[in-house]
Structures are given as C-alpha cells and as structure tokens.
Amino acid sequence: MNELLKRLFDLMAAFIAALVCLPFMAVIAMAIRLDSPGPVLFKQVRVGRAGRPFRIFKFRTMVVNASDLSANVSPEGDPRVTRVGAWLRRTYLDELPQVFNVIVGEMSLVGPRPETPEFVDYYTDEERDLLSVRPGLAGPSTLEHMDEAKILAGVGDPERYYIETMLHDRARLDLSYVRNHSVGGDIAILFRQVAAILGGR
Numbered sequence: 030m031n032e033l034l035k036r037l038f039d040l041m042a043a044f045i046a047a048l049v050c051l052p053f054m055a056v057i058a059m060a061i062r063l064d065s066p067g068p069v070l071f072k073q074v075r076v077g078r079a080g081r082p083f084r085i086f087k088f089r090t091m092v093v094n095a096s097d098l099s100a101n102v103s104p105e106g107d108p109r110v111t112r113v114g115a116w117l118r119r120t121y122l123d124e125l126p127q128v129f130n131v132i133v134g135e136m137s138l139v140g141p142r143p144e145t146p147e148f149v150d151y152y153t154d155e156e157r158d159l160l161s162v163r164p165g166l167a168g169p170s171t172l173e174h175m176d177e178a179k180i181l182a183g184v185g186d187p188e189r190y191y192i193e194t195m196l197h198d199r200a201r202l203d204l205s206y207v208r209n210h211s212v213g214g215d216i217a218i219l220f221r222q223v224a225a226i227l228g229g230r
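Residue numbers for the sequence shown, in my numbering: 30 to 230.
Honestly, the hints are just simulated from the structure, not real lab data. Honestly, I wouldn't trust all of these hints.
For each label pair, taking beta carbons as the anchor points, the in silico distance ranges come out as [claimed, not checked]:
| id | residue 1 | residue 2 | range |
| --- | --- | --- | --- |
| 1 | Asn209 | Ile132 | 24 to 30 angstroms |
| 2 | Ser161 | Leu63 | 38 to 44 angstroms |
| 3 | Arg112 | Lys72 | 31 to 37 angstroms |
| 4 | Ile132 | Gln73 | 16 to 22 angstroms |
| 5 | Val223 | Arg62 | 36 to 42 angstroms |
| 6 | Glu188 | Val223 | 16 to 22 angstroms |
| 7 | Ala55 | Ile180 | 30 to 36 angstroms |
| 8 | Leu48 | Gly213 | 23 to 29 angstroms |
| 9 | Glu155 | Asp176 | 23 to 29 angstroms |
Just so you know, even glycine gets a beta-carbon here, dropped at the ideal spot from N, CA and C.
Given only the sequences and the hints, what does the whole structure look like? Please build it.
Here it is as structure tokens:
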C-alpha cells in the first residue's frame, strides 16, 4: 500500500510540476541555446531500480564534449561548465526535466540519488540495497551534499575522493531512507529541499 501511495503521489506531483514549470523550462531552453552550442538536454545512463539502466534527463550545463575532457565528477570552478550552466547548478534548475523520468516510472520524486554504472560498481553488497527502490530527484544524500562541488574542489583528486569517501557517505544516508521511507517522509524531504535551495545553501 505504501508503494502504491508513493507512486500515486509521484504521478500527481510530477504532472502538476511539469504543467506549472513548462513555460519556465522553455525560457531555460532558449537561454542554453543562446549561451553555448549543443543540445538543450543532457542525457546520461544511470542505474535504476533492480539494476536496470535508464537515461536521466537534465538541462545541459556543460560544453558538449565534457565527458572527453575530464572525469565524471564536477568540482566547483569546473571549466567545462557554461555560464548558464553554473546558474542552473546553483539553483538546481538543471534537474527540472527529471519530472518526466518520474512520470514514466524510472524515478521517484524522493529516493536514493541514481549513480552512473561505473560508480555503482564500487557499491558494497549492503549498498546495493539502494537498487531495491526507484531512484529519486531528491533525497537525504542530496540534502546533505548540496555543497558537494565545493568539497570536491578542495581535494587533490576529486574522482578518487568521490569513489573512496563521498559515494559511500551518500549511500549510507540513502540506505536509511530505503529502510524507513513513507509518503509523509517524502513530503517532508521535498519541503526541506526547496527550503535549502531558496535559502541559498
């Protein structure tokens, strides 16, 4: 019953968000096209529920060949990030297209943040329990790691630090959600996420 209620809440809230934000998303799309050459949307393979891969949608915040220039982590001051992309990242508006991932059932509004396949390979057996639920647009690890880019900018090897430390800290936080989630808890996390973004954390 909890899973059914969660899915109904996701669908209702994601449809409303898509309708309300559609004009704003059109403005963002135009800004991206004017700022740098390339597609408006960035699509990347992530690992979802039961280990199934899916393509996550984001507004593009980097130059088109970003993956060829550096590792799949992005510290603060990353030169691959465009001018509009930097603003989108600060405001988390680059994540808006993921409401469509939620609508089609690949993601939930709240859940463990989905990782790319190469990082999932570093999960422990216990951490693989994260794959038992739909990944989320927001979640405990998203809230606690809103300063991720700043932390990565302060270490010598951002990719290694992410693999050895940050990945597992995020997994620990999200595992607590997997074991105790509820629709009421999801609503509370969403409110906290919005408040943190508006507060400029």
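Checked hints:
1. With their beta carbons about 26 angstroms apart, Asn209 and Ile132 fall inside the hinted range of 24 to 30 angstroms.
2. Distance hint check: the CB atoms of Ser161 and Leu63 are about 42 angstroms apart, consistent with the given range 38 to 44 angstroms.
3. Distance hint check for Arg112 and Lys72: the Cβ-Cβ separation is about 22 angstroms, which falls outside the suggested range of 31 to 37 angstroms.
4. A hinted range of 16 to 22 angstroms for the beta carbons of Ile132 and Gln73 is consistent with their spacing of about 18 angstroms.
5. About 27 angstroms separates the C-beta atoms of Val223 and Arg62, a value inconsistent with the hinted range of 36 to 42 angstroms.
6. One distance hint, 16 to 22 angstroms for the beta-carbon pair Glu188 and Val223, is violated here, with the actual separation near 30 angstroms.
7. Checked against the hint of 30 to 36 angstroms, the C-beta distance between Ala55 and Ile180 comes to roughly 34 angstroms, which is consistent with it.
8. Restraint check, Leu48 to Gly213: a C-beta distance of roughly 24 angstroms satisfies the suggested window 23 to 29 angstroms.
9. For Glu155 and Asp176, the hinted distance range of 23 to 29 angstroms is satisfied, since their beta carbons lie about 26 angstroms from each other.
Hint violations for this structure: numbers 3, 5 and 6, all remaining hints satisfied.
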